[in-house]
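**Q** Below are the chains, spelled out letter by letter.
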Amino acid sequence: MPVVLFLLIAAAFGLGALMMGGLFRLRRPYPEKLMPYESGIDPVGEPRQRFSVRFYVIAMLFVVFDVEAVFMYPWAVVFDRIGLYAFVEMLIFIFVLLVGYLYAWKKEAFRWE
Amino acid sequence: MVELFFGYLAGAVVVLSLLVVFSRNAVHSVLWMLLMFLHMAGLYLLLNAEFLAATQVIVYAGAILVLFLFVIMLLNITEEMRLEQFTVGWPMGVSVSLGVLIAMLAALSGFRTDLKGPWSIEAVERTTHTKALGKVLYTEYMLPFEIASLVLLVAIVGAVYLAKKRLR
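These protein sequence lines map, in sequence, to chains A and B.
FYI, the numbering for the first sequence is 1 to 113, going by this note's numbering.
FYI, the numbering for the second sequence is 1001 to 1168, going by this note's numbering.
The set of hints was computed from the structure by calculation and includes no laboratory data.
Heads up, a few of these hints could be off.
[Unchecked claim] Lysine-lysine pairs mimicking DSS-like chemistry, simulated, CA-CA at most 25 Å apart:
id, chain 1, residue 1, chain 2, residue 2
1, B, K1135, B, K1116
2, B, K1164, A, K107
3, A, K106, B, K1135
4, B, K1131, B, K1116
5, B, K1165, A, K107
Chain B on its own, in the form it takes in the complex (with noise of 0.2 Å):
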């Protein structure tokens, strides 16, 4: 049964990432790449991170890709689609994901899955998948954690200051 589901939430990622990538249309694939996150939220369901999932929902489906239309509606893509400059650098493209590919078939010897830390998934179907992060980031990865405010404050900081110049 877990299996069918893995299948079918792999499968559809596959074929929606495919589908975000061959759209003509900016606007259509920013609409499959929301089926694909939430197609997402639930292989992370099946990894029993709940948190994660509603996580991938809320601020994944429901604000990056409010972001990614504004960035398309900004820049009003359907004229540029056909330009020059976005199709002549396939070449590099396809060597640099050939690369990444070779990279990542090279890495798959060295994949185990023997390995045991103290989360094993007794253990975080025992606490909650929200209570285990929770109690692992704020004490273990506190410093991660700051970092992660210094990021946003930097997004803050980026945004308002490219949008404000250009306003001007």
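Okay, chain A solo, but in the shape it has when bound (with noise of 0.2 Å):
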């Protein structure tokens, strides 16, 4: 229930922040107010290039150590009930996905050439 009402009350403040900006605002457009604003250099081609794989590489890896992060909260929460086992166990995860970095470190992933 606080959470609905948390979540009520945030998109309340966004969405009246706009509409009372709508209902207030003088409209007075004109071409060069309607093009995208790109620092105030006319936009030329196309928005949508394609990206360089490397993007893909980077997210790839950063989703990986992600979920190695999330498998963390709950070994932390509950650590002093299961002790050195669980300690251990999580050095096994870490250390295969530690093999798994030096990998990528090895085959300069994290290089941006």
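Take each chain as given, in its own frame, and dock them per the hints.
**A** Structure (structure tokens):
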């Protein structure tokens, strides 16, 4: 219930601020104003270009280590109950991913050539 | 009250999933999917699975959708979208989804709610979800947990290998 209340207030605040602005602001559009803003330079060409595959590698590695970190949350919460057993378990888990990390490192996946 | 929330969330998930599938613009699809993942996190909250809900938002909405966006921008799908190869496969798609639907309807008669394990709703509420999950995951399901690390390792190696091969 508090979560729902929080979401409702947050959504109402955001939408309310936008709607209040829409009610009171002046609307005098001209072509230059409606153009996408590119730091004062006239935009040239398509906004959608092909991205480099490097972004994909970085995102993929991020997802993997993000999941690794997610596994550590419940581990940390119950660590005082399970103790050494859980510690060894997590060491194995981290070691396996460390192998992957070293592989990515040696293959220069982190380098932006 | 709970039924009302469930109805809203379930309905929203269905509508948003349809929007994901029917969007012409692949980037719009991903953004609809983001909203759908947030609603699914809401469904997890209703199931007393707070940790799962937070993970859903952080990992799926935060990380995996970024990956989807990168793949779409990598392929730059705008021109390829109208190509034949993406539309000719529809009879196969329809038959597979119909088959899954029939299998699910057949399984519906075997659906039971009276089974009880050691982790009832009250037990999970008492220990809190994250603790309950940790307790089970790091003792009983130790092997699947370690296998998960291997799966992640394969993901790293696969991504690095594929991408680096293309760069050379």
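**Q** Now tell me if each hint is right for this structure.
**A** Structure-based check of each hint:
{"no.": "1", "hint": "K1135(B) to K1116(B)", "in the structure": "holds (18 Å)"}
{"no.": "2", "hint": "K1164(B) to K107(A)", "in the structure": "holds (8 Å)"}
{"no.": "3", "hint": "K106(A) to K1135(B)", "in the structure": "violated (36 Å)"}
{"no.": "4", "hint": "K1131(B) to K1116(B)", "in the structure": "holds (20 Å)"}
{"no.": "5", "hint": "K1165(B) to K107(A)", "in the structure": "holds (10 Å)"}
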